[in-house]
Structures are given as structure tokens and as C-alpha cells.
Amino acid sequence: MIQKKNLIGLEHIDTPEIELILDTAVAMKEIVFRPVRKVPALRGRTITNLFYEPSTRTRTSFELAAKFLNADVINISSSASSVVKGESLKDTVRTLEAMGTDVVIIRHPMAGAADLVAGWIGATIVNAGDGAHEHPTQGLLDLFTVREKKGTLEGLKIVITGDILHSRVARSDIWGFLKMGARVSVCGPATLLPAGIERTGVAVYCSIDEAIKDADVIIMLRIQMERQKAGLFPSLREYARLFGLNRERLSLAKKDALVMHPGPMNRGIEISGEVADGLQSVINEQVTNGVAVRMAVLYLLIGGGDA
Amino acid sequence: MKLLIKGGTLISPDQKKMFITDVLVADGKIAAFGDNLEMDGAVIIDAGGKLVLPGLIDLHVHLREPGFEDSETIATGTMAAARGGFTSLACMPNTNPVADNSTVISFILNKARREGKVNVFPIGAITAGSKGEELAEMAYLKEAGAVAFSDDGRCVSNAAVMYRAMQYAAMINMPVIAHCEDTRLSAQGAMHEGYYSTLLGLKGIPAAAEEVIVARDLILAKEAGCRLHIAHVSTAGSVQLIRQAKSNGLKVTAEATPHHFTLTDRAVTGFDTSTKVNPPLRTLEDVNAVRQGLRDGTIDVIATDHAPHAQEKKEVEYDNAPFGISGLETAVGLVWTELVNAGILSPLEAIEKMTANPARILNIAKGILAKGADADLTIIDPARTEKVDPARFVSKGRNTPFAGRTLTGVPILTIVGGKIVLEYTGQE
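Those protein sequence lines, which keep their order, are chains A and B. Numbering of the first sequence is given in my numbering, commencing with residue 19 and proceeding in unit increments. Numbering of the second sequence is given in my numbering, commencing with residue 325 and proceeding in unit increments.
I should point out that these hints are in silico values taken from the structure, not numbers from a laboratory. Using N, Cα and C, we set each Cβ at its ideal position, and we do this for glycine too. Incorrect hints may have been included.
Listed next, the in silico BS3-like pairs over lysine-lysine satisfying Cα-Cα at most 25 Å (straight line) [as the list claims (entries may be wrong)]:
1) B:695 x B:711
2) B:353 x B:340
3) A:47 x A:197
4) B:527 x A:247
5) A:167 x A:47
6) B:695 x B:340
7) B:695 x A:108
8) A:247 x A:273
9) B:695 x B:330
10) B:330 x A:103
11) B:353 x A:108
12) B:326 x B:353
Which residues of chain A face chain B? A few of them, derived with a C-beta cut under 8 Å, are [as the list claims (entries may be wrong)]:
13) 29
14) 54
15) 55
16) 57
17) 58
18) 128
19) 129
20) 131
21) 149
22) 151
23) 213
24) 245
25) 247
26) 282
27) 295
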């Protein structure tokens, strides 16, 4: 089992714990491909998906992960809960705790929400994304996907391109890949690179052509339309020209470089359709692996014992 | 009532020295100094080994009343001031309604006379509703008792409005206290923009958001001939701008808060909302620059920016939490621990920045230890050590990032107008 009660982020998790999760996810992935995808590991446990942001991919992935392990799952979205009546986050999670939920999986638009909830209640907390802070299960599934394809993470060159400033995926990926011995570069327009990011140990580029030279893995991030309106870059057209991944650019990376994207994609903007659907793309496998990794996380946090 | 304070070490900013003597207080005034004073019927206070100071003055306090009485009231805020060793405070006008008219100023003064533990000097708004558009009725505010003007909590964004306000304030010989923040640069920011905001994924407030307005206001004050006081200086760049302006002869003064000379943005790690304050906690380099500014006299005043909030307002997501730290009851301990005992300021220099200097800026007859002066006195025990326990705060605001921190230097007796308003015997 892992020592921690919660999974808040990859910044504060030890490398052996990451390895344990990835190793456990290998076994879990095997379950995902069984004809009857159900094991009793979490029977009788209650898991609550508390989502304050719209999400299809992550919420469904957690729900499936919990169900494959036979847990009971409750889904709460902020639009259909007492949140709309003005209830505070603290009161909401304390109510869930009083009802006996074992795990709260929380997605929230504000950084730090999962940390705060973990301080307020005793249930196990899994961060499903908090503002621009962390999205640890996405980071873990990215690590899993690369390790599965490449055999190891040690020494690989990973390039994360796009809106680093607002990306929780970038932060979790940076911590995860660095801890596993990979080299990490980030790339994006100067206005979307956060202050002091180099102090995490990454190399920083504003030219994607330079960044992806000899890369083993290229992770493209979604660019959100409202960033242009906020004046962070002039136009999507120019963004695509400077930072979009297309076939010509991809040829600058290693021949067997993997192309990844946490989704949902803006085809034709940060990534061309041709590359997204190309042979080097593992974007769909990331989704499958997400279920396996989340099963591993839930199992390691609250499984075991009499299971 | 007569009080005879025996054997204490006086810190006298007006005489610029420290010496052991007795102090006799009678009829609300300081009646005599001298060795081995005797007085029949006087209450004897043994101050041996303690420091006897002119009552401390906090130039920057949010009392929250009228309008936000769940966070603080004039009664609780002045009680917290007394507990922190302050005998006078100036309160900011960002109440509801805003103190932009003489009625609100009169309300505060009347309430303070009835319920206040310490002297309250209200600060009037610079602009109507502190909206930064039209000037408040400054002369009426002054007539009603306002001692300065500020839109604190908000920056007067329109440079033309600020310039006119300074010209007008200069005409009636009143200081303007500037909250320097370019709100386009700071927009929606929750903490200092730097490495830690990057780690935490919180939107940053760059140092430039403060510095561009400090620079602007220094230029405007020179043109307007206004006495400008820069509130809560937090960045190395601001300290340097003010230092340069002073060396050019500008009539500018500045203050720093205990949290800005003590904590860095690293304290935000863990998302404790009691660290959310505006201006935000900055980098170690900035903290050191603020300390250097205090040491070399660039920063004249230590003020708390006491900003109490009801607990439930702070028990929310970091982005949703209001800015502010409840500072009155930790100020002396932080000044002594972080500045005096650390060798940054002498006891006399530290006390000047909490007595004579703010009194001079506000033009109030306080902050001196002289025969015939108001008997506002603070006695502190510079050797006593205590752990900060917000549950024991007198203020309604328990929002402190210093909970659990051990501080040396404790105010033990607060005397206002010759009356003991607070005697502190200590944690059990």
C-alpha cells in the first residue's frame, strides 16, 4: 500500500510510490480487457465524484475505475447540488463525510481545493484536477503510457507544449517525469510560461522546433479560446503557426517519438488531425490507461485489508 | 486616578534615548519623571525589567464598522489594539457605507468615544465611495475629524483623479495615503507572481503591479506638492523608488507591515488562506529589502494593516478568500523577534516607527513622552516569550499566518489617557 491517505498531487509523492502505482496499474489494465470486468476489491466502499467543473473524460474514467473494482459510486456535479444554493465547499464535503463516503474525488476550478478538503475531512481525497495546480491521475496515466511504450522513463526527453501557465496537467507531468528520471522541456509563448518554471528543473523554450529536437515524447496541451480574448496571444491562427504540431514539425523529433494529448483536442490548432490520428499518436491509449491507473490509485488508497 | 510606574526603562523618541526612571501619571497626563518618585494614593506599577513606551500608534487598521460587524467592531478592534499595546489607531475608510462623508466620520468618532478602548483617528476616503472617480468632500472630512485620506483596499487607478486629490489635499494640509496597485496587472491575482505561484497554480500579482503605481504617485506628489504616505510597501523595487525619491527631497513617507518583513510567498504552500493578503507576501529578496528599508529609514512606519475577517469567510477556496491578516495582536512580538532581536532595528528605532513617526504623519499630538503630554503609555516585557494562539485573540479576526509561532516581546500594560485599559498577565 502507499503510505499517504490522499492523492493531491505528484509534487509531494515519492518515486517508489509512483512506481508502485504504475506497477499496480499493469495488473489493473489486464482487468479492463477481461470479458467480465469486475473484481471485488472495493466491494462495500463508497466513492463520491464531486465535480465543480464540467468533465466527461475524467469523471467517467474515475466512475468506471470504481465500478470495475465493485465500489458504489455517487456522482455530484456542482450545477445539480446544494452548491447552487450557496453552500460552501467545506459544508458540502462535511455533509458527504457525515453520510459515510470513503473517498471524495474532487474536480474544482480553483487551485488548492483538494488540499483544503483534505484538511477539513477524514475521508480519502483524490484530486481530479484543481485549477492550474495539479491533475495527478492524468500525470500518472501519462507516465504509465510512456513507460508501457518505451519500457522505461529514465533518460527520455519529454517535451510539453502549450499553455503551461494555466495547465495542471503540465505541472503534474513535470513532477512525475522528473521524479522518474526523464528530462523535461516546456515550450509555449512567453505569455503562457509561468514565472520561475525553470526552478522545477525543466528546460524552457519559446520555439517548438528547437524544443522537440530529438524528443522521445511530445505532449501537446489544449489551448483555450478565452486566453486569446484575455490578450495572451494575438490569434489562434498565429498560435497554430508558431506552436501547432504538424507532420513537418514532428519529423524534428525522434523517429519513434510518441505524440500525446490530455484531451479534449482542438484539431488544427495545437495539433493537426493528421498527427492526432497518426501512427505515433497514443492519445486513445492514454484514455484506456486512465481507467487502469485510476483503478490502481483507488485500490492502493483504500483497498487491501479484507479485499 | 494616579499611576506611578516604577523602575521601568523608558524609550523616549523625543529625547532619542532609553533610560531608567519612574513616571507619574495624574489626571490623564504625564505629571512627572524622576528617580524614586513617591505619591500618596497612586497605584504603583512595578516596571522593573520592562520597557515603558509612549503608547503605540497603528496608522493602518480596518475596524470594519460600520457595515462588516461580523468581522470586527469598533469595540472589539480597539480592544485588540489595547491587547497589542496600541493606544491610538487610524482606521481606514473602506466600511459600508464608505467613510467618504462627515456623517460616517462622526459615527466612528462617537462610537469610539462610547465603546472604544483606545484613541481612534478616522481616515477619510479620497474619492466618493472609494470608486476612484470623483473627489470626496475632503475639507468636510477634515472638519469632522479625519486625519488623512486614503482609498485603501483600492487604488485610485485614474492618474488624473489622484493628481487632483493630491493637489486638493495639499491645499488643506492633509496627507494622502496611497494603496499602490495597478489593478490591470494584479487582476484576479491571489498571491505574489513567482516560483511559488507557479508551483501552486494560483494567479500571480507581479511586483510591477505595486511598483508602477508607487512610481506614478511619487511623480504626482512631487508635482502636486502633497504629503504622500505609501501604505504597505512590499517589494524591493518600491523600497528603492521611495529611497530615491527621499534622497531627491520629496515629502514622502512609507510604512511596512510585520507580515511583509517576516513572511515570504513560500508561506502560501498548503493554501492556508490566512496567508492571502494584499499586497501579497513576496520573495525573500523583497523581505530583505523591506528590512533594509526599515533599517536605513526609507520606511518610516511599522503599521499592521489589521484586516480581520470572520472565520467562515476565510474557510473557503484560496481564490475565494478575502485578502487580509489580523495583525494587531502579533505586531509587537513580530517587531521584537524579527527586527529588534535580529539586530535590524534598535529598540528606540523600532518604537519611533510605531509612535513618533506615525504621529507626525497624521499630525496628532501623540507618540511622545513629555511632561504634560497625554498619558498614553505602553509597557512591554521584552523578555517574555509566547506562542501565537489565534483562539485567544481579542479581535474577531483570527486570520493569522503566525499561529503556533513563538514570539518574544509581549505588551503587558496599556494605558490610555491615564487609565489602564488592558493588563495582560499571560497565557495560563
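Structure-based check of all given hints:
1. B:695 x B:711: Violated, at roughly 36 Å.
2. B:353 x B:340: The given pair, whose Cα atoms are some 21 Å apart, holds under the 25 Å limit.
3. A:47 x A:197: Holds. Residue 47 (chain A) to residue 197 (chain A) sits at ~23 Å (cutoff 25 Å).
4. B:527 x A:247: 17 Å, holds
5. A:167 x A:47: 14 Å, holds
6. B:695 x B:340: 16 Å, holds
7. B:695 x A:108: 56 Å, violated
8. A:247 x A:273: Given that 25 Å is the threshold and the Cα spacing comes to 37 Å, the pair is violated.
9. B:695 x B:330: Holds, at about 16 Å.
10. B:330 x A:103: Distance of about 61 Å is beyond 25 Å: violated.
11. B:353 x A:108: 52 Å, violated
12. B:326 x B:353: Status holds; Cα separation ~10 Å.
13. 29: Since the shortest Cβ distance to chain B is 7 Å, the answer is holds.
14. 54: 40 Å, violated
15. 55: Since the shortest Cβ distance to chain B is 34 Å, the answer is violated.
16. 57: 35 Å, violated
17. 58: 37 Å, violated
18. 128: Cβ of residue 128 (chain A) sits 4 Å from chain B, so the hint holds.
19. 129: Constraint on residue 129 (chain A) satisfied, holds at 4 Å.
20. 131: Hint holds; residue 131 (chain A) Cβ to chain B Cβ min 5 Å, cut 8 Å.
21. 149: Holds, because the Cβ-Cβ distance from residue 149 (chain A) to chain B comes to roughly 5 Å (cut-off 8 Å).
22. 151: 3 Å, holds
23. 213: 5 Å, holds
24. 245: Nearest chain B Cβ about 13 Å off; hint violated.
25. 247: 14 Å, violated
26. 282: 20 Å, violated
27. 295: Hint on residue 295 (chain A): violated, closest Cβ of chain B at ~31 Å, above 8 Å.
In this structure, the earlier hints numbered 1, 7, 8, 10, 11, 14, 15, 16, 17, 24, 25, 26, 27 are contradicted, and the remaining ones agree with it.
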